[in-house]
Amino acid sequence: MSCLKARELVVDIPGRASGAPLGFSVKPGQVWGVLGPNGAGKTTLLHTLAGLRPPRGGQVQLDGRTLAVQWRKQVSRRIGLVFQDRQDGFPATVLETALIGRHPWLSAWQMESSDDIALAEQALQALDVGHLRDRLVSTLSGGERQRVAIATLMTQNPDIWLLDEPTNHLDLHHQVAVMNLLTTRAGSGKAVFMCLHDLNLAARWCNHLLLLYPNGEACWGPAETMLVPSSLEQLYNQKLETVELDGAPFFVPARG
Amino acid sequence: MPGSSIVRPLAGLVLLSILVMMFAVTVGSAQSGMFKVLWVFSGGGTGLERTLILDLRLPRVLSAFAVGGLLSVAGALMQVLLRNPLADPYVLGLSGGAAVGALLAMLAGMGGFVVSGSAFAGALLATLLVFGLAHGSGSWTPSRLLLTGVVVAAGWGALITLILAMTPAARLPGMLYWLMGDLSHSGQPWPGLLVLLLACLLVLPLGRSLNVLARGSLQAAALGVAVRPLEWLVYLLASLLTATAVTMAGAVGFVGLVVPHMLRLVLGNDQRLILPACALAGGILLVLADTLGRTVIAPEQLPVGVITALLGVPTFLYLLYRSR
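In the order they appear, the protein sequences are chains A and B. Per my numbering, residue 1115 is the first one in the first sequence, and the count goes up by one each step. Per my numbering, residue 67 is the first one in the second sequence, and the count goes up by one each step.
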């Protein structure tokens, strides 16, 4: 099981001053939620952690070694990422799309084996899109595509799961199903790190939170210490009402 | 995708290629039956028959096959590179560079080898020009590459018009035939066939990486593909294939666009299957088109580019009309 570590990390967002450097570890079993307003740099942080963008300062370490010096193929067996936007210029079926998750695990001449196909089918079943396996991705709804993307990550089966707003486009039931799936996976040794817009999903399912402020400042820690109404109000520049539910705080935006 | 679902369509296409080439060799001003062709291949026949079949028809048929295959594979590669299913091998101005090279050689009164050589040089120049300009300050996105290519292609177009305007009328027909794409001066087919074979062997192990690249460069990088080197390789390879084809037959249009597109409709978009299938199906299409061009107003010959354009334009419009 791998551990992803940000050391003195400054994310490179063009045209913005470097804020305080980030220093945290994402360990097996943890479910991290990244909260912040639009443009705070959540996606850029995720891409930097995946090694897809160079940081402005500091480094990202995977199992104690700098990410930038490791082979991409080796990295992609341990870190996977669900993007916010996807390109489907070419026609591809749902099963083919999930199967590209096996790419890091196969050599150049290898074809996908029946094991790989079984893995992809299990992932599609787990995301409740198994019945769509032969449909073209371009004919699916936004929420179905989102679930296919998560199934692709599940087929890739890395140790560290980075997800950019995994509940985008999902209906209420599937939001809950996806969050349950992610926490179950974390329970079996994966590390989950995701950007979220829904404060309450984060409060209910994440055990660690990272708050990204638009000026580049950030704070992070166990969820229960981070869910302070005053700092959340400052984060979103929005008045919040807090109610107790099942012994946990529930946040509702105040009117006006 | 299991191996058999790749081998079966390819085996079918190989068989069809052989049949179509056999057929094309039999057709011409002097009809020679299938048995006579086989007889000549096995070493028999009169001297005249041997010259006709082995020295005249067979090289031309093989050249047509090579050009069609080269253009189709180049088209399929360009489409993945630009993440645009409607790109073709000429979209980045490669044929324009080749045409300017060839026409300048013709204007200077050269022929044969010099024309081919300057076409090849022109194509490579166009490749490097677009590559360098699109590279610019470092960012190298498909849309930037496409825009650079399209604008450079327009520049070549202007140069071609200028050369045509300066050319004495007697030399114009040769130039126009070259611009339309014509196989009657294609020379030896072997270099083209060799390039095609080598390219197919090179891209086969890259097939799955190209599948991933078609999903976008970030997604590909996240799945462990070395995106930048792969994109450069694909660009240079597609350019080399196109340059070889253009050198052999001039700017034959539409093959590189229509063949990959039609194959995708039938076979899906797995590059491990599509790329070799393009090599075969593109070859078949051009052999048929050239056979048609040789026979339809015999003894006169139509340039093969006219046939492919006449077939390609309606096919393409139909596909576009049908697509969502």
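Bear in mind the hints are in silico, worked out from the structure with no lab data behind them. Quick reminder that beta carbons are idealized off the backbone N, C-alpha and C, glycines included. Treat the hints with caution; some may be incorrect.
[Said to hold, decoys possible] Between beta-carbon pairs, the in silico distance windows are:
#	chain 1	residue 1	chain 2	residue 2	range
1	B	Gly223	A	Gln1184	42 to 52 Å
2	A	Glu1331	B	Pro295	49 to 59 Å
3	B	Ala224	A	Glu1331	49 to 59 Å
4	B	Tyr387	A	Gln1184	25 to 35 Å
5	B	Gly223	A	His1283	52 to 62 Å
[Claimed, not checked] One-sided excerpt, in silico: chain B residues whose CB lies under 10 Å from chain A:
#	residue
6	Gly183
7	Ser250
8	Gly282
9	Gly290
10	Ala292
11	Leu368
12	Val372
13	Thr381
14	Leu385
15	Arg388
Hint by hint, where does the structure go against what was stated? Just the numbers, ascending. 2, 4, 5, 6, 7, 11, 12, 13, 14, 15
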